[in-house]
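Using our numbering, read the sequence shown as starting at 1 and increasing by one per residue.
Think of the hints as simulated: they come from the structure by calculation, not from any bench. Computed from a predicted structure; not experimentally measured. Mixed in with the good hints, there may be bad ones.
Claimed, not checked - Here are the simulated lysine-lysine pairs, DSS-like style, with alpha carbons at most 25 Å apart:
#1 K512 <-> K399
#2 K204 <-> K114
#3 K548 <-> K622
#4 K548 <-> K412
#5 K508 <-> K399
#6 K451 <-> K469
#7 K104 <-> K114
#8 K323 <-> K353
#9 K126 <-> K204
#10 K438 <-> K468
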Amino acid sequence: MPRLYIDPITPIITDGACPVCTFHYLCPMISVQNLSVQFGGEPLFDHISFIINEKDRIGLVGRNGAGKSTLLRIIDNRQKPDEGSVVIPEGCTIGYLEQEMILKSDRTVYGEAKSAFREVESLLGKIDKMEQELKEGTDFDSIGYQKIIKRHHDAYERFQLIGGHSVEADIEKTLNGLGFRNSDFDRPLAQFSSGWQMRVEIAKLLLQQPSLIMLDEPTNHLDIESIQWLEEFLISYPGAVIIVSHDRAFLDNVTKRTIEISFGRIYDYRTNYSDYTQLREERMESQQAAFNNQQRQVRQIERFIERFRYKNTKSRQVQSRVKMLEKLDEVDIDLVDDTSIHFSFPLAPHAGKVIAEASGLGKSFPGLEVFSGLNFHVIKGERIAFVGRNGEGKTTLSKILAGVADYTGQLKFGQHTIIGYYAQDQADSLDPNKTVFKTIDDIAVGDVRPKIRTILGSFLFSGDDIEKKVKVLSGGERSRLSLAKLLLTPSNLLILDEPTNHLDMRSKDILKNALLQFTGTLIVVSHDRDFLQGLTNRVFEFRDKTIKEYIGDIYDFLDQRKLRNLQQLERKDKKVLSDKQHEPASGNKLNWENRKLQEKEERKLKSSIARCEREIESLEEKIRKTEEIMGSPDQFADQVSSGELYTKYGALKTNLQQEMDRWTLLHEQLEATPRDKSSR
């Protein structure tokens with residue numbers, strides 16, 4: 001009997017196998033129908049509907065508390081809606097990574113990852129049983145025997161589809177991609193931090209290869225290298241993907257569709273996040289223009305009616321316009337949730353030229369050396385990003401600089417250095433039994449005390465919110481409260497460890513803008529590339545118990561790291577190929593290969609220098625025009641109050657200095673590139 005499958009969108013029964021699945025009868029399209037959820041008397045969702053197609057890449061966005069996590073839990077059948085339903089075709093599988101999970105396991109890292117292959121083990125058992133039945137069968141033409149053959153064929157196809165033949169290789173590849181070393185595989189999972197345990201949960205979900213993957217803030221647990229690996233995995237994944245993330249770069253690179261939740265409604269855009277924000281702005285402008293035109297028309301009609309209401313000769317025209325008003329469909333303007341934090345850091349107190357200087361700095365725990373022999377200095381006004389794999393010492397060095405962890409070696413601070421520190425677990429260190437107001441009131445002194453309510457209002461705590469206890473706050477609210485505490489003491493060295501975790505897009509942008517205007521020295525630990533872009537001008541990469549310094553922002557660093565990794569990979573590949581062939585390469589061949597590699601690197605550097613020079617020329621021209629405006633009282637008068645021109649001018653100067661530093665670094669790399677004498 002031929003297999004039938006039913007398209008859940010268009011009810012057409014088709015003869016033959018499903019074109020998407022080789023084992024399931026139904027294509028994995030999921031339909032969300034008229035979903036409604038009430039929360040605290042207010043509608044979280046108000047009859048929302050949409051379709052999840054089999055290869056969708058969806059970014060689910062909205063402010064903190066808009067209902068993104070709730071929607072994912074409903075789709076995964078972990079929560080019931082007040083109204084509506086989610087239609088999931090038979091055979092469609094869903095893998096869901098929650099934002100926060102309680103993890104307990106007595107397995108090793110490898111053993112826990114392997115538990116994702118329960119279906120493989122189950123299928124192997126079924127296949128073995130059916131093969132035994134086929135061996136024992138004698139009536140080869142019977143319907144029962146043919147059914148066993150069919151079931152065996154389907155089970156084996158599914159076994160191949162989910163990677164049954166490559167379990168060990170897939171586990172190793174996935175764990176390595178998420179940052180684990182092979183030496184970690186046999187370690188008990190309980191020895192790892194909660195962040196690393198969440199990585200194993202991500203690995204299990206990816207290894208299961210469900211029809212739909214749903215990830216709620218996955219980048220909170222990953223470093224930059226692992227995020228890039230996950231991006232590549234999800235881009236090529238054959239199923240559907242839904243991502244909740246406040247990492248704009250991650251969303252832009254992976255998603256092709258954006259669903260926004262706002263005031264109980266959804267807005268569906270067939271584009272990535274950055275393009276969606278532009279389209280949303282254009283939609284709002286179009287709606288506002290249509291609304292304004294309609295209001296002008298209404299006022300004209302109302303004036304006509306009022307003027308000629310009591311004139312018999314105009315009664316027919318008046319009645320016609322009254323009916324016109326009654327039939328007029330009012331243009332709606334979509335509500336936009338524009339609530340956001342708004343603050344700026346206090347003016348940084350005066351500090352000496354050298355903020356901090358380290359010599360032979362080291363840190364060890366029993367049985368573990370984190371880093372050793374670090375030598376570096378931090379100059380006044382510098383903006384430094386700490387990047388690298390989790391566990392390499394970024395947070396540890398941040399704690400040492402903040403004075404909350406001991407160390408070996410020498411660490412000296414400059415005169416008048418005042419440190420402001422935001423720990424990665426800062427929100428968790430808040431007293432859960434204190435109210436929001438009490439949390440700030442206990443540390444506020446002097447002139448700040450009368451301004452507590454104003455400060456809390458700037459961080460979206462107003463009215464009864466300030467009397468909430470910390471233990472009932474969401475992750476985003478606790479992060480905002482921790483940032484509010486940071487403002488109470490002016491500092492000239494800010495050390496921020498993952499400050500964007502739990503902050504929504506708008507809050508992240510406002511924090512970044514405040515940091516761009518901060519007049520002191522900044523050290524920030526973050527894996528958010530979009531947040532770091534343009535914010536820092538120096539990068540410390542933590543790797544192999546030491547640090548390596550790079551000039552430029554995060555994308556300059558990534559470009560240089562990619563170039564270095566490619567060169568190492570090419571050298572490794574050439575060595576492997578030579579070993580396989582069991583024959584030494586000739587001197588001429590090696591010289592030719594080295595020369596080609598050098599020429600390739602030289603071309604890339606020259607191209608980067610050319611792009612850098614064009615950018616410098618462009619920035620210098622923009623600065624010249626801005627200075628002309630600032631020097632002209634007539635042009636400058638309208639912009640002084642807003643401060644926009646000052647901010648723009650400062651950003652241009654900063655960008656120019658970064659490009660100049662990058663140009664210098666690229667030239668140094670070009671000069672250091674070995675060249676064949678014959679090519680000079």
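Each hint tested on the structure:
For a cut-off of 25 Å, the pair hint linking K512 to K399 stands: about 22 Å separates their Cα positions. Pair hint K204 plus K114 holds up; C-alpha atoms about 7 Å apart against a cutoff of 25 Å. For a cut-off of 25 Å, the pair hint linking K548 to K622 is broken: about 33 Å separates their Cα positions. A distance of roughly 20 Å separates the Cα atoms of K548 and K412; the hinted pair therefore holds under the 25 Å criterion.
Proximity of K508 to K399 is assessed by CA-CA distance (about 23 Å); at most 25 Å being required, the pair is judged to hold. For the hint linking K451 to K469, the alpha-carbon distance of about 20 Å falls within 25 Å, and the restraint holds. A threshold of 25 Å between alpha carbons decides the hint, and for K104 with K114 the separation of about 16 Å falls inside it, so the pair holds. Among the hinted pairs, K323 with K353 is inconsistent with the structure: their alpha-carbon atoms are about 76 Å apart, more than 25 Å.
Our distance criterion of 25 Å between C-alpha atoms is met by K126 and K204, whose separation comes to about 22 Å. Proposed proximity of K438 and K468 is supported: the alpha carbons are some 10 Å apart, at most 25 Å.
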